[in-house]
Amino acid sequence: MTPDEIKSKLDDYKWYHAIQFAEGVVSPGRFASHIPPNYTLFPVFKFLEHIDLTGIDCIDIGTTDGLASFIIKSEGASLVVATDRGDRDEFRFSREALNLDVEYFPATTLDGGDLLRKLQASGQPTKYDLVVLSGVIYHSYDPLLVMMHARKLLKHNGLFIVESVIASGEEDAMFMNWEIDNPVREPNSYFLPTLKALGGLLRFCSCSCLTLARNGSRGAAIGRACRPSEIDQCSDILKLIIEKGACYGPLSYSTLESEADEEESSKISYSGPIGEIEIDAKTFSTRFSLQPTSPVTNT
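Residue 281 in the numbering used here sits at position 281 of the sequence shown, and the numbers go up by one each step.
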């Protein structure tokens with residue numbers, strides 16, 4: 001598709017992501033012009049800038065219009081699988097317009113093994129170097145369960161990026177959106193973790209938390225899949241859960257230990273900052289060309 005052909009069709013769709021298809025050809029996205037386009041993905045972009053994506057396998061869960069998937073593929077990933085609870089023609093149009101080979105599994109959920117069954121039935125891998133779970137867990141009745149299902153798709157030593165609306169505060173806590181003073185005024189937002197709680201959720205999922213990124217009312221974490229016996233900052237209670245209390249969830253800690261010995265580990269690298277970082281959405285920029293530098297009105 002030529003830039004003019006792409007531009008002529010943008011108004012046929014209801015866009016979630018602002019995608020820069022070419023100079024001056026940008027889908028409008030969901031935000032008003034005074035809000036930085038795709039700002040919720042800025043921590044994800046920050047992490048991705050410090051990952052060598054060449055030759056990796058990635059699964060992007062909650063892809064919507066596919067911006068993160070398309071960036072990862074354009075950066076040289078070998079395989080990118082994109083999934084979403086919805087079924088979006090915007091994704092298909094963008095994939096064709098960008099001429100990027102990204103596998104798409106629409107109308108797919110993590111719970112109940114739906115995604116895993118579809119991957120197996122289609123012959124796709126069930127283990128990946130990188131799992132991206134952006135804008136998903138606060139829409140779930142059980143955020144931890146969703147993360148456990150996603151963790152099952154991660155190779156030993158792979159990287160797990162989780163992004164969410166977050167609650168304010170420094171404690172490790174998850175808040176009920178319908179009970180807090182400053183709720184997200186959406187009918188499909190249920191539980192809000194604090195930024196520190198994202199790190200705790202990663203540890204429960206047998207990942208060492210590398211970096212926490214605060215992005216206004218949003219936050220993200222990146223963790224590296226490890227043996228349960230090697231989780232960083234593993235509390236005595238988490239050790240007890242790993243040893244005796246993990247029989248109710250979909251993630252088997254004993255299986256994760258054995259997989260670390262029996263399966264090939266991911267060689268994916270991360271060279272980003274360690275610890276907690278702050279992102280200013282008003283000044284943030286990225287080298288990824290699919291992210292618009294400013295809102296564009298296509299006329």
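None of these hints come from the bench; they were simulated from the model.
A hint or two may mislead.
To be verified - With a Cα cut of at most 27 Å, we get these calculated DSS-like pairs of lysine-lysine:
1) 267 / 244
2) 267 / 152
3) 46 / 267
4) 196 / 244
5) 239 / 196
6) 282 / 46
7) 127 / 267
8) 152 / 46
9) 14 / 282
10) 244 / 118
11) 152 / 244
12) 239 / 127
13) 152 / 196
14) 244 / 46
15) 282 / 127
16) 239 / 152
In this text, all values refer to a predicted model and were calculated from it rather than measured experimentally.
Each hint tested on the structure:
Our distance criterion of 27 Å between C-alpha atoms is broken by residue 267 and residue 244, whose separation comes to about 31 Å. Distance hint between residue 267 and residue 152 is fulfilled; the C-alpha atoms sit about 17 Å from each other, no more than 27 Å. A hinted pair counts as satisfied when its Cα atoms are at most 27 Å apart, and residue 46 with residue 267 qualifies at roughly 20 Å. At most 27 Å may separate the alpha-carbon atoms for a hinted pair to count; residue 196 and residue 244 meet this at roughly 25 Å.
This hinted pair checks out: residue 239 and residue 196 have alpha carbons roughly 19 Å apart, not beyond 27 Å. For the hint pairing residue 282 with residue 46, the CA-to-CA distance comes to about 14 Å; that is within 27 Å, so the pair holds. For the hint pairing residue 127 with residue 267, the CA-to-CA distance comes to about 13 Å; that is within 27 Å, so the pair holds. Between residue 152 and residue 46 the alpha-carbon distance is near 24 Å, which keeps this suggested pair within the 27 Å criterion.
Distance hint between residue 14 and residue 282 is fulfilled; the C-alpha atoms sit about 25 Å from each other, no more than 27 Å. At roughly 31 Å between alpha-carbon atoms, residue 244 and residue 118 are farther apart than 27 Å, so this suggested pair is violated. Of the pairs offered as hints, the one joining residue 152 and residue 244 holds, with about 19 Å between alpha carbons and a cut-off of 27 Å not exceeded. A hinted pair counts as satisfied when its Cα atoms are at most 27 Å apart, and residue 239 with residue 127 qualifies at roughly 25 Å.
For the hint pairing residue 152 with residue 196, the CA-to-CA distance comes to about 22 Å; that is within 27 Å, so the pair holds. As the CA atoms of residue 244 and residue 46 are separated by approximately 37 Å, the hinted pair breaks the 27 Å bound. Annotation: proposed proximity of residue 282 to residue 127 is violated, straight-line Cα distance about 36 Å (limit 27 Å). Straight-line distance between C-alpha atoms of residue 239 and residue 152 comes to about 19 Å, which keeps the hinted pair within the 27 Å bound.
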